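There are 2 protein chains.
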Amino acid sequence: MRQITVIGMGLIGTSLAGALRAADERESPLGALHVTGYDVDPANTSTARGKLAIDREAATLAEAVQGAQLVVIATPVQAVREVLAALPPLLAEGTVVTDVASTKAEIGAWAAELLPPTFPFVGGHPMAGKAQHGPQAADLSLFQGAIYCLTPAPQVPQYALELVEAVALTIGARPYFIDPHEHDAYVAAISHLPFLLSAGLVDITSRSPAWRELALLAATGYRDMTRLASGDVAMHRDIALTNRAALLRWIDEMMHWLAETRDHLDAADSAALTAMFERVRDHREAWLHHNERLRPAKNTST
Amino acid sequence: MRQITVIGMGLIGTSLAGALRAADERESPLGALHVTGYDVDPANTSTARGKLAIDREAATLAEAVQGAQLVVIATPVQAVREVLAALPPLLAEGTVVTDVASTKAEIGAWAAELLPPTFPFVGGHPMAGKAQHGPQAADLSLFQGAIYCLTPAPQVPQYALELVEAVALTIGARPYFIDPHEHDAYVAAISHLPFLLSAGLVDITSRSPAWRELALLAATGYRDMTRLASGDVAMHRDIALTNRAALLRWIDEMMHWLAETRDHLDAADSAALTAMFERVRDHREAWLHHNERLRPAKNTST
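Protein sequences appear in the order of chains E and A.
The opening residue of the first sequence carries number 1 in my numbering; numbering runs sequentially from there.
The opening residue of the second sequence carries number 1 in my numbering; numbering runs sequentially from there.
With the rest of the complex left out, here is chain E:
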């Protein structure tokens, strides 16, 4: 019986714990599992247990990791550092540690600093989420077909890689090994910049003197473009702060693009605008075509 502990019973931690428990032990590379959950807020652990996402509720970090062969840190980014610092005296030798946070380079550096080599660390980032957060929003199928980035340092032992890869496979995700700095540069473009644009759209419209009228006229397009702005504040702050360099680069790209497009518009350059609108439509449709999992149902009214 393999013991896995998940620290942090938010949306991702609870969904991951639940997906591990729901897996068929005869088919999973992990075999039979016992999953322990822990959260600084006991109400979250209790909700996760109520959803049958964990076998056991732990009341303290020490109790949670006792006997664990794998510890999954699923807290907000800044809390990952505290958990990494607290773990070494609590773990049995050889215990593997992983995380699920949205930035990887800084967390990898913390692990190298805080965990002795007897506790191999394999950074991870399942590319899945939803608008709601907290354990009550947990979803066993959240990771089905999703890319699961793994960002191990070069010296990590094979058994640790295989164990975390097996977790990704068991919850239905697709493991994808990638350098942590590359990971951060990429997610800045496809995840963190989109959040900022969403936040910016809300901020400039809601501080406008015309906000009352804007709020009345705004419909589904505005709703969907601002969905990310409703996300968890601490998570997005930590992401921004731990992925600053990459995010700054993509903000610059966007400002450059807006300046360029502003010029086309100012010159009423119909040909340039048409070419650009066609190009983005074609790229976006081709992308969607190759990502069947992400294609919305045909009849979705949006």
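Where chains are identical, the list cannot tell them apart; a pair therefore holds if satisfied intra-copy or between any two copies.
Derived pair list, reagent style DMTMM-like, types lysine to aspartate or glutamate, alpha-carbon separation capped at 25 Å: (1) Lys130 <-> Glu278; (2) Lys130 <-> Glu285; (3) Lys130 <-> Glu165; (4) Lys130 <-> Glu213; (5) Lys51 <-> Asp232; (6) Lys51 <-> Asp139; (7) Lys130 <-> Glu292; (8) Lys51 <-> Asp41; (9) Lys51 <-> Asp24.
Quick caveat, the hints were computed from the structure, so don't treat them as lab data.
Keep in mind it's a predicted model, so treat the numbers as computed, not measured.
Starting from the known structure of chain E, fit chain A onto it as the hints suggest.
Just chain A, lined up with the frame of chain E:
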């Protein structure tokens, strides 16, 4: 029996025609209706008829508007001008003309230039849409609860206002009288700028040397933030060109915001970022709270 003609059998024209036909004539302020449809592409008119959205298919503009008391122009913006120019010799005196396009000031000016006062013009813009376009995507409930902007010039006779207002009410929308320039300034913020941000996100990511990896890692957040970029090219080009001044102003607002946010990030100003992320989350949630119609189902996994 009131005769209404809809010119342009796209998503909006066909949905509007169908919603008019589907209304209970005993409850509608319009009473019994006969709806004629016309599109430069006869296949579209035929599809609309196949969906029972119209009573009669017309083969020409002249045939379409014969006997009409109300003509609804539901073509792309640039084609509205051609239709307005062609209508006067074809209409009976007193026929009311309206449109459903996304910009209103320039169209109002065209109507003032091209239509004699015997054909009152009431600009209109139902604030509804969906990702798909064309008559096959038509949806009788598309306008249920939606705001329907009406932008009449001051001298428009009362019977024309009442007729177009009755159309809005009959299809389940909420008529909202507004100055055309104000309308354009507002929709630039809540509709046209969001489209541009969506297009920009696709453009800068898809032209990156890392696009192959970005495309692999991009998930639901990217998908939703780029949905508008898949929209109809001609429609968005016409919108951008006929609403340039307002759109330029909002692009400037966004660039200013990005510069400001870039500074906070560069300084690792955690307090400023936290305050901003909290502010946008609260504004967005309050907006959603007051727009029950736009609230997605609780369990929508996004």
